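Chemist: These protein sequence lines are chains A and B, in that order.
Read in this note's numbering, the first sequence has 40 at position 40, and its numbers run on one by one without any break.
Read in this note's numbering, the second sequence has 187 at position 187, and its numbers run on one by one without any break.
A couple of the hints might just be wrong.
To be verified - Some chain A residues flagged as far from chain B (calculated, every beta-carbon gap over 12 Å):
#, residue
1, Arg-8
2, Gln-14
3, Gly-36
4, Asp-101
5, Leu-179
6, Tyr-211
Said to hold, decoys possible - In silico EDC-like cross-links for lysine to aspartate or glutamate, where the CA-CA straight-line distance does not exceed 20 Å:
#, chain 1, residue 1, chain 2, residue 2
7, A, Lys-2, B, Asp-138
8, A, Lys-323, A, Glu-52
9, A, Lys-2, B, Asp-252
10, A, Lys-2, B, Glu-258
11, A, Lys-106, B, Glu-5
12, B, Lys-139, A, Asp-111
13, B, Lys-136, A, Asp-111
14, A, Lys-333, B, Glu-23
15, A, Lys-43, B, Glu-243
16, A, Lys-43, B, Glu-244
17, A, Lys-2, B, Asp-263
18, A, Lys-106, B, Asp-138
19, A, Lys-323, A, Glu-180
20, A, Lys-2, B, Glu-251
21, A, Lys-2, B, Glu-244
22, A, Lys-43, B, Asp-105
23, A, Lys-43, B, Glu-258
To be verified - Reference listing, derived: stretches of chain A covered by chain B, where coverage requires no fewer than 3 residues with Cβ under 8 Å from a Cβ of chain B:
#, stretch
24, 45-53
25, 105-113
Source of the hints: derived by calculation from the structure; they are not laboratory data.
None of the values given here were measured: they were computed from a predicted structure.
Built from N, CA and C at the ideal position, the CB exists for glycine as well.
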Amino acid sequence: MKYLDEYRRGEIVQRLAAEIARTVTRPWVLMEMCGGQTHSIVKYGIDRLLPEGIELVHGPGCPVCVTALETIDKAHAIARRPDVIFCSFGDMLRVPGSESDLLVLKSRGADIRVVYSPVDALKIARENPDKQVVFFAIGFETTAPANAMAVWQAHKQGIRNFSALVSHVLVPPAISAILESPLNRVQGFLGPGHVCTVVGYREYEPLVERYRVPIVVTGFEPVDLLEGTLMAVRQLEAGRAEVENQYTRVVQRDGNLAAVELVHRIFEPCDRKWRGVGNIPMSGYRLRDEFRLHDAERVFAVEEISAQEPAECIAGLILQGVKKPHDCPAFGKTCTPQHPLGATMVSAEGACAAYYAYGRHHVQAA
Amino acid sequence: MAHQEIVLAHGSGGTMSRQLVEEIIVREFANPHLEVLHDGATFSVNGTRLAFSTDSYVINPIFFPGGDIGSLAVHGTVNDLAMCGAKPLYLSVGFILEEGLPQADFRRIVRSMRDAAAAAGVALVTGDTKVVDRGKVDKIFISTSGIGAMREGVEIDPRRARPGDRIIVSGTIADHGIAILSVREGLEFETVIASDSAALNGLVDAIFSATRDVRVLRDPTRGGLASALCEIAGSSGQGIQLEETSIPVREDVQAACEMLGLDPLHVANEGKLVAFVPEADAPAVLEAMRAHPLGRDASIIGEVTAEHPGMVFMQTRVGGSRIVDMLAGEQLPRIC
Numbered sequence: 001m002k003y004l005d006e007y008r009r010g011e012i013v014q015r016l017a018a019e020i021a022r023t024v025t026r027p028w029v030l031m032e033m034c035g036g037q038t039h040s041i042v043k044y045g046i047d048r049l050l051p052e053g054i055e056l057v058h059g060p061g062c063p064v065c066v067t068a069l070e071t072i073d074k075a076h077a078i079a080r081r082p083d084v085i086f087c088s089f090g091d092m093l094r095v096p097g098s099e100s101d102l103l104v105l106k107s108r109g110a111d112i113r114v115v116y117s118p119v120d121a122l123k124i125a126r127e128n129p130d131k132q133v134v135f136f137a138i139g140f141e142t143t144a145p146a147n148a149m150a151v152w153q154a155h156k157q158g159i160r161n162f163s164a165l166v167s168h169v170l171v172p173p174a175i176s177a178i179l180e181s182p183l184n185r186v187q188g189f190l191g192p193g194h195v196c197t198v199v200g201y202r203e204y205e206p207l208v209e210r211y212r213v214p215i216v217v218t219g220f221e222p223v224d225l226l227e228g229t230l231m232a233v234r235q236l237e238a239g240r241a242e243v244e245n246q247y248t249r250v251v252q253r254d255g256n257l258a259a260v261e262l263v264h265r266i267f268e269p270c271d272r273k274w275r276g277v278g279n280i281p282m283s284g285y286r287l288r289d290e291f292r293l294h295d296a297e298r299v300f301a302v303e304e305i306s307a308q309e310p311a312e313c314i315a316g317l318i319l320q321g322v323k324k325p326h327d328c329p330a331f332g333k334t335c336t337p338q339h340p341l342g343a344t345m346v347s348a349e350g351a352c353a354a355y356y357a358y359g360r361h362h363v364q365a366a
Numbered sequence: 001m002a003h004q005e006i007v008l009a010h011g012s013g014g015t016m017s018r019q020l021v022e023e024i025i026v027r028e029f030a031n032p033h034l035e036v037l038h039d040g041a042t043f044s045v046n047g048t049r050l051a052f053s054t055d056s057y058v059i060n061p062i063f064f065p066g067g068d069i070g071s072l073a074v075h076g077t078v079n080d081l082a083m084c085g086a087k088p089l090y091l092s093v094g095f096i097l098e099e100g101l102p103q104a105d106f107r108r109i110v111r112s113m114r115d116a117a118a119a120a121g122v123a124l125v126t127g128d129t130k131v132v133d134r135g136k137v138d139k140i141f142i143s144t145s146g147i148g149a150m151r152e153g154v155e156i157d158p159r160r161a162r163p164g165d166r167i168i169v170s171g172t173i174a175d176h177g178i179a180i181l182s183v184r185e186g187l188e189f190e191t192v193i194a195s196d197s198a199a200l201n202g203l204v205d206a207i208f209s210a211t212r213d214v215r216v217l218r219d220p221t222r223g224g225l226a227s228a229l230c231e232i233a234g235s236s237g238q239g240i241q242l243e244e245t246s247i248p249v250r251e252d253v254q255a256a257c258e259m260l261g262l263d264p265l266h267v268a269n270e271g272k273l274v275a276f277v278p279e280a281d282a283p284a285v286l287e288a289m290r291a292h293p294l295g296r297d298a299s300i301i302g303e304v305t306a307e308h309p310g311m312v313f314m315q316t317r318v319g320g321s322r323i324v325d326m327l328a329g330e331q332l333p334r335i336c
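The following block holds chain A by itself, in its conformation from the complex:
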């Protein structure tokens, strides 16, 4: 398949891995920011192609995983209502809240639907004028334009029964939070290719100056990931700290201007709680006041719901790159994709789920 096969070619992958091995003179710790990158790394066994000393740690880049427990509980409170059709991306359905998950609520009669686009939820709202249709608007900058578009269309077309439960998160504040943590080990980043497709990478330039860390905007295929790793390692070895763009076939420095403009018209930055990590200042988007009629938190008055995370789950440390999934005593035992304790085990993009799906629980046990 064009645009895929050439980035999965074994001989190029092997050549890049060898080049990395030649370049490295001392150990380095890199973090890939995006859940899709984590998934590819484990799926293709890329971390095992790297020379010893290059450690990849998996960042808080899975939007499903970092959605705060209390936001999940708010979603459940709304989804339980008989007057609501609750629409969500598929992998949010199994995420455990304090008491339940959306699959269980569905089995008890809640009208919960998997959609592939927020615009599909808008269509459901048009077709069901006697119901309140709520879309669970999560994700990083990547999904923000489509979510903004759905709210904008509802606003323009006067679709009063459509609202969004917004829990958007932003990458640059998370990078700052990781680098300012006293536990931090990360020396360089593979930047999130699809986030930067939308917003560009100007926002990352102040970060490399301030923290003196290389950030290489990187794609998602094996060749991308190894090339991004090589570029980051070259910077580290040379003592440079710059923003570089590996994913040039998609990402431009200014991003997608039309999308960014739409996002800023609908959303404004706000403080956001990240599951397992805690509050990060100005790390999220919420709907502007002008669109409050489409803000599910206000429509259903669930703003006050709060929640406590289970003590045994170390998802927070995993999301910060301090621990690996198999460092957790619950991993693969009391915590599995069928019965996840924390959200990093739930989404296919979560570090724990990716490790589990590609057999790391067996390997660790063996």
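Please build the complex by placing chain B on the supplied structure of chain A, with the hints as guidance.
Modeler: Chain B only, in chain A's frame:
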């Protein structure tokens, strides 16, 4: 969290389905036929070896590119019998109809079943029909059962897999699951992907014409090729080693999987089989399969190994190695 109620993932064909079957059904019905956990049971009546199998069909939409619920209901049970090594003979059918279903739709489904049965060389010889209130079922549910005659001297059993056996898949994987997804509400694909729904008994005849020593046969339906192979590895206590580049996947199906974040190894098939045969017989079996219209794209995708017993490993296309696991719950589309 442990589920107190049945959730959809219990029907996904992966680990949760298996748990439900083992912990409730097999435990309560306990008998040696059931405990094999094969697609059908085999037994002797007055000295004749028979295979017996049943399946239910609840698919939405009821008409889809490449088939409909009626043809699927015939193919599914014919294939379950064929995977026992039997020649399928007679089928029963139970219909549960929702009040309001257009008679024209019902007639179309019944005709499709008639044609599918004729093509597979089986007869639909007994049946039952019930009608329920609107909303109690989704248009039409169909249950079929079937009886087949076992071939002489044939023993299909996952426990017969031996190190060195070659694993052959009959064609491209994941076509059915993607075909169904492509016509479900909300997904608009630019190309039509047809289901592979087909009766496999003819292809099984072709395999047996090449060798009598077929160790394992399985049609990887719900849960996909990965779940079927994991089950076989688990039952046999042998390891399985796959080569990713040998597994045939149509380009449009691969593209759909990439977009939706699905793994083709976990997506359902309805007209494919996987055969385990001794290494020496593999070339002849492959040739016989490729000469059959349903086996044109047949490929040797791996082998049985004494290493890593009970587990399926795959050499990835970039030269890495990973473990292939069963589908855990329902395969849910990823956000990005």
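Chemist: Now tell me, hint by hint, if it's right for this structure.
Modeler: The hints, checked one at a time:
1. Look at A/Arg-8: its CB is around 5 Å from the nearest CB on chain B, not clear of 12 Å, so calling it non-interface is violated.
2. Chain B draws A/Gln-14 into its interface by the beta-carbon criterion, the shortest separation being 6 Å against a cut-off of 12 Å.
3. Against the 12 Å criterion, A/Gly-36 falls within the reach of chain B, whose nearest CB is about 6 Å from its own CB.
4. Against chain B, the non-interface label of A/Asp-101 is violated: not every CB pair exceeds 12 Å, the least being about 7 Å.
5. At the 12 Å boundary, the C-beta of A/Leu-179 stays outside the reach of chain B, the nearest C-beta of that chain being 24 Å off.
6. Listed as outside the interface, A/Tyr-211 is consistent with that label: its C-beta sits roughly 26 Å from the nearest C-beta of chain B, beyond the 12 Å cut-off.
7. For the proposed pair A/Lys-2 and B/Asp-138, the alpha carbon gap of about 40 Å is over 20 Å, so the pair is violated.
8. For the proposed pair A/Lys-323 and A/Glu-52, the alpha carbon gap of about 18 Å is at most 20 Å, so the pair holds.
9. Our distance criterion of 20 Å between C-alpha atoms is met by A/Lys-2 and B/Asp-252, whose separation comes to about 12 Å.
10. Annotation: proposed proximity of A/Lys-2 to B/Glu-258 holds, straight-line Cα distance about 12 Å (limit 20 Å).
11. Distance hint between A/Lys-106 and B/Glu-5 is fulfilled; the C-alpha atoms sit about 11 Å from each other, no more than 20 Å.
12. At most 20 Å may separate the alpha-carbon atoms for a hinted pair to count; B/Lys-139 and A/Asp-111 meet this at roughly 19 Å.
13. Straight-line distance between C-alpha atoms of B/Lys-136 and A/Asp-111 comes to about 16 Å, which keeps the hinted pair within the 20 Å bound.
14. For the hint pairing A/Lys-333 with B/Glu-23, the CA-to-CA distance comes to about 19 Å; that is within 20 Å, so the pair holds.
15. At roughly 14 Å between alpha-carbon atoms, A/Lys-43 and B/Glu-243 fall within 20 Å of each other, so this suggested pair holds.
16. Simply put, A/Lys-43 and B/Glu-244 have alpha-carbon atoms about 12 Å apart, close enough for the 20 Å limit, and the pair holds.
17. Pair hint A/Lys-2 plus B/Asp-263 holds up; C-alpha atoms about 19 Å apart against a cutoff of 20 Å.
18. Distance hint between A/Lys-106 and B/Asp-138 is fulfilled; the C-alpha atoms sit about 17 Å from each other, no more than 20 Å.
19. With a C-alpha separation of about 17 Å, the suggested pairing of A/Lys-323 with A/Glu-180 holds against the 20 Å cut-off.
20. The suggested pairing of A/Lys-2 with B/Glu-251 holds, with an alpha-carbon distance near 10 Å, which does not exceed 20 Å.
21. For the hint pairing A/Lys-2 with B/Glu-244, the CA-to-CA distance comes to about 18 Å; that is within 20 Å, so the pair holds.
22. Pair hint A/Lys-43 plus B/Asp-105 does not hold up; C-alpha atoms about 44 Å apart against a cutoff of 20 Å.
23. Using a Cα cut-off of 20 Å, the hinted pair A/Lys-43 and B/Glu-258 holds, with the two alpha carbons roughly 13 Å apart.
24. Coverage of the stretch 45-53 of chain A by chain B holds [criterion: at least 3 residues with CB-CB distance below 8 Å; count 4].
25. Proximity of the stretch 105-113 of chain A to chain B, defined as three or more residues with a beta carbon under 8 Å from a beta carbon of that chain, is established by the 3 residues found.
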